[in-house]
Amino acid sequence: MAVALKAEKRDNLKTSVTKQIRANGDVPSVVYGKNKESKAITVNNVELVKTIRDEGRNAIISLAVENEQPVDVMLHQYQTDPLRDEMTHADFYIVNMDEAMDVSVGITLDGEPAGEKEGGVLQQPLYEVQVRAKPADIPDTVTVDVSELNIGDTLSVSDLPHSASYEINDEEDTAIATVIPPDTIEDTDEATDENAEPELVDASDDNNNE
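The letter at position 102 of the sequence shown is residue 102 when you use the working numbering, and the numbering goes up by one with no holes.
The set of hints was computed from the structure by calculation and includes no laboratory data. Treat the hints with care, as some may be off.
[What the hints assert, rightly or not] Derived PhoX-like pairs (lysine-lysine); straight-line CA-CA distance at most 20 Å: (1) K50 x K6; (2) K50 x K14; (3) K117 x K36; (4) K14 x K39; (5) K9 x K39; (6) K19 x K9; (7) K39 x K19.
Can you build the whole structure from these sequences, using the hints too?
Below you can see the structure in the form of structure tokens.
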């Protein structure tokens, strides 16, 4: 079920007006879609952030622009002010609930690997996968159990649970999680330290020779 979000039309696109919109606690936004005319709107920053936090990044939103019928949208892109932890711009994409689409979905690792109890360290090189599904079937996250991973074991995309409601598009041999020996991290750190100084020295020498 789509979560409701109200929006207002934005006719004046001047920079000064846009700044004032943000100062008032709203987010300058755009809503568009396939064969749909792009429209400038504003939404309340607090309501939008709450919607994303409560419903997830790929939530279906029933966007109600003033005096118009609500449309089903997804948050396609957004920009934030890292200092204020506020959104500064948002793009909403009008979705066809009967048509599959490609989105990024987060990966959740469940459980404590057996290898960690022996001193191994769990690493997760991949945090998202590309999923193709109809909007209503897009999962909040894809969860995989890592409790049976021993030192040296690796889970790949092919190990993710399968579902009839969505398709994962990433290469099957892409690593998701691995448990490495603790000395591997030390070796990696030492190698990084050893390579760092010569690179800086070389750069300095090149500058002196110019």
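Check your understanding: Hint numbers the structure violates, sorted upward?
Key -> 2, 3
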